[in-house]
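Given the coordinates of chain A, work out where chain B should sit on it, guided by the hints.
Read off the chains here:
Protein chains: 2
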Amino acid sequence: MTAAPTTPTTLGPDSDLSRVFELAQQLRVDSVRASTAAGSGHPTSSLSAADLMAVLMARHLRYDWATPDNPDGDHLVFSKGHASPLLYAMFKAAGAIGDDELMTTYRRFGHRLQGHPTPELPWVDVATGSLGQGIGYAVGIALAIRDLERRASRVWVLCGDSETAEGSVWEALDKAGHHRLANLTVLLDVNRLGQSGPTELEWDTDAYARRVEAFGCRAIEVDGHDLEAVDLALTEAADGRAPTVVVARTVKGRGVAEVADKAGWHGKALPEDLAARAVAELGGVRDLRVRGPRPPGHPGPAHPDGRRAGPVEPPRYEVGDEVATRVAFGAALAALGARPEVVALDAEVGNSTHAEEFAKAHPERYFQTYIAEQQMIADAVGMAVRGFRPYATTFAAFLTRAHDFVRMAAVSRITMALCGTHCGVEIGADGPSQMGVEDLAMMRAVLGSTVLYPSDATSAAALTTTMADLDGISYLRTTRGAYPVLYDGDETFPVGGSKTLRESADDRVTLVGAGVTLHECLAAAEELADEGVRARVVDLYSVKPVDVDTLARAARETGALVVVEDHHPEGGLGEAVLSALAVAGAHPAFAHLAVTELPGSGTTGELLDACGISRTQVAGAARALVAR
Amino acid sequence: MTAAPTTPTTLGPDSDLSRVFELAQQLRVDSVRASTAAGSGHPTSSLSAADLMAVLMARHLRYDWATPDNPDGDHLVFSKGHASPLLYAMFKAAGAIGDDELMTTYRRFGHRLQGHPTPELPWVDVATGSLGQGIGYAVGIALAIRDLERRASRVWVLCGDSETAEGSVWEALDKAGHHRLANLTVLLDVNRLGQSGPTELEWDTDAYARRVEAFGCRAIEVDGHDLEAVDLALTEAADGRAPTVVVARTVKGRGVAEVADKAGWHGKALPEDLAARAVAELGGVRDLRVRGPRPPGHPGPAHPDGRRAGPVEPPRYEVGDEVATRVAFGAALAALGARPEVVALDAEVGNSTHAEEFAKAHPERYFQTYIAEQQMIADAVGMAVRGFRPYATTFAAFLTRAHDFVRMAAVSRITMALCGTHCGVEIGADGPSQMGVEDLAMMRAVLGSTVLYPSDATSAAALTTTMADLDGISYLRTTRGAYPVLYDGDETFPVGGSKTLRESADDRVTLVGAGVTLHECLAAAEELADEGVRARVVDLYSVKPVDVDTLARAARETGALVVVEDHHPEGGLGEAVLSALAVAGAHPAFAHLAVTELPGSGTTGELLDACGISRTQVAGAARALVAR
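Chain order of the listed sequences is A and B.
Note that full-length UniProt numbering has the first sequence beginning at 1, numbered continuously upward.
Note that full-length UniProt numbering has the second sequence beginning at 1, numbered continuously upward.
Please keep in mind that the hints were generated in silico from the structure rather than gathered at the bench.
One should not assume that every hint holds.
Any copy will do: because identical chains look the same in the list, a pair fits if it lies in one copy or spans two.
Think about it this way: if two alpha-carbon atoms lie no more than 30 Å apart in a straight line, the pair counts; the simulated DSBU-like pairs of lysine-lysine are [claimed, not checked]: (1) K499 / K262; (2) K262 / K360; (3) K268 / K360; (4) K360 / K499; (5) K499 / K268.
So that you can see chain A by itself, here it is in the shape it has in the complex (with noise of 0.2 Å):
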């Protein structure tokens, strides 16, 4: 089953519909032969939508694979990832990789060809695998591709049937009708069978197209096998009239008789007899080559050439003046407009977490994706992928919505600046449900993350502005409430670092705190410090990564450590902290005050208070480990 070592012959836009069929049979016969080298993969996947992605390469993808990053080429995001096989086969067709890297190192230790795309590999946007997410990202891709570039390259998905059981489709669909995103196109492979069973709605091709066409979207319903059917409909998808979903109907395992439509086959590699009969019954190795169309001419600028220009002027605050964090972050967000590549996205709570201080400003970068936190998400990697610096916000209870897209975007090393508001029982009246507990431990564990919770308006400030600079995925926590400045302007505040706000020789143990808490912590210190016991208090507003050297020095000079926390004790402040004790061999008393019960309605004094985070609490620790 290796391939013959023939001269490829090139297939181009003009080559005509008989050709791009053995360009689908060769799809199929290299779709078989990789996973079955690899032992694992999921070819029947793969041969449902080979017909759709040759028609698509050969004659409507405009593409330069020599030159993935070319801005002005179109983007082919593969939903549903697990058909890697085809993808990959598409590649080699392209003449992008070859018959033998595709052969051997598929699905194997540190090569690229992965059992899902990822990144790694050049023609590959975004890292797919979790279902539903891609028509998602392609809304994002699409939308920076039209309203922030204004160039005219297009936008393909290919996406499975069963992945539309994903709400996070319907929000993606939503927005591509909402903002008539003519240059996306969704090819839906309905194969009817999905991992266990058949799909919900099987082969019901009106069904899907009635819902695509209620969402705003254009439906054309074709038999994903008919080659010229597929042709026509990706033209019409073309036309620059809709968002268009290609409802293709298909059959799993399509032309290997064996496992054709048949139940069992999902994510199979087929046995090496098997595989060899199905690559004759498909006529054998092939070695066409795709030269498909190019990528239209763009006058413009090159990508991404034309950014970070403009000053950045962040705003300034008063010591002593009482401003919450999260209107520093609409300020500070605001200013950073002046560079052409931030871009802001919201899920309309714009006028509480305050980013609609940058919609005031520059109403052009401004993305309202009402409540769809998941499609924010989306809509961020996708305008990153475009080189972008999206900035999205919510309250920190809602970014769990998103958390599947935020961990995926650390797959696909995106770069992207989250802000969570309304953070920890702080915000009270509103109750548990408007309340982010757990956020701390959400974003520290996303892979690569920096995690920033800045305790006053200069801080917020500084680090909204530093996060445009960050690589990966950065989260800024903020509070609800207004707290007094606790900084100059001129004061920096480095990711990593922390602020020493009391310190002396005579310290006997310390306060660790951030956001709402700091200010506890100070106020405790005040209290201690009438009884005559010293307190150092450490502003810990980078918790990842966490201000080592600091955290040992205090635990080396005072002997205890008080660390107190709005959001549940496990992987929030506290064990950050002990993180970095361990790291660095310290051993002080510790104490960890965090929310551990189910907070209800209250001010916002009574629920630190009722949660164990207050002032009173803080001192009380304190004294405890102090007198120990």
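Relative to the frame of chain A, chain B by itself:
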């Protein structure tokens, strides 16, 4: 604005609509009064839905306010939980609470009339306030009532228009249509205005209706302030033919001219003077009492009777046999089916998670939610509301999709068991999109959760069984691959315990692992023993609560701990151990091995090694600690 101390007039199901109008005005007046008295809240969002709720409670909701746990009573889910003034005004109209409680405790500390409703109130089944969740819960409740209990009661949902931007709404309606849940009615309050501006679809009720119909439900469009039309719509909705969404065009702030259909009034209590004018405009304070329809009688046994029957015979395994913990989970779950309150939910991966074993044994209590993890959790919550014991299972990585639903389930104090399979880089070739490496952080941070992570089939089966008697949300983390059975079938695994698998008086280091890393620890201990270094090995199967005493003793007796986990370093096993040591005041030398880089595809061995969590690296870390 206090209520007049008159004797209330009672309004029954046969009262004419002019009386129902008076009730609606009373609900409006009380919504305004309560939120103004509290100084915060959402009066305008309450005013739009007052007519809908008046008709519902007077004529359609079959509910015994004095006996809210009557199993034959209907359910009302307030998906737009911010309209709590309206809900609480209904409670007052029903005689469930007094005017004094409404006027003096709403949104105040220590009281049950919180900013958003929670089940602390006996008439509330599920906490709401994170939008887009109510229909999902209602689907779960309706399924339990119809398919598990075979009762005639109905489920009604008040849903806002803004929240339909959440994909979860469409996951839920898809399932309502799929299951043909004719006992479910959604009242969609299309008031056109969101928090910060007009909604995406504004008053395009046709668009809503098309979406609803496309998702397999019946849509009835009405003027939401035309009481007769609403009454007819609710009568039709209850005809037993189809799940129904009453798409009601309404006016936000209806009845108060100064705020009606005006932007800028979302989530704002009316100032005292405006509130006084509003109450006057609405006809003043009333004291109508509603005695609506009664629950239908049910011939069968009362709600929770007849449960907990049947002997459970968990599977047994031979020590040394290689069995995956996910396999043991599936077998134990199937055995647990002997308890009729146990139900299982799958997100179309039952053949991978082995939840399908339950389907084979108890198909009538197995629910396929397809690839819709949010709805899977919503179904589980709804079934738990009806007294069932749900086990919901998917890949650990994909539980992140439902994080907000899990968070809210904790606010609702729901008891349910979750199982996440395919955890960690251990899974191998499928790559990072399928690897759950943040699930421990997510699940540990859930309020009141129990987190279990078995290393062998015996403990996996035992813990699966144990979960059926735990309160709150419990989580079982299982592994893809097969590893040797370590424990005899008679061993017990109490929550909060651990197992010390190797121990001697000469131990110089303790190796702590769970799941695949425990097997690496055992191998490392062998390697160290060959070098003359005795290592203790602890199986930390209970991650939350964690076995503080055993860890403290190990720290004291061996002086050094290596914790190794197939998870990111934040919020997982390592930080759980650090927190335990901090509680105990134990200060061993400490090394923490965890996944800190993005993994790719590979074999289990290659990936454990590449991520620094293999036996070789465990032994190396132990050596370094011993040599310190």
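Evaluated hints:
In this homomeric assembly, K499 and K262 never come within 30 Å of each other (Cα to Cα): the closest approach is 63 Å inside a single copy and 46 Å across copies. Taking the closest pair of Cα atoms, K262 and K360 come within 30 Å of each other only across two copies (20 Å); inside a single copy the shortest separation is 56 Å, beyond that limit. Within a single copy, K268 and K360 get their C-alpha atoms only as close as 53 Å, which misses the 30 Å cut-off; across copies the closest is 22 Å, which meets it. In this assembly of identical chains, the alpha carbons of K360 and K499 never lie at most 30 Å apart, being 33 Å within a copy and 60 Å across copies at closest.
For a Cα distance limit of 30 Å, the shortest separation of K499 from K268 qualifies neither inside one copy, at 55 Å, nor across copies, at 37 Å.
In summary, the numbered hints that this structure violates are 1, 4, 5.
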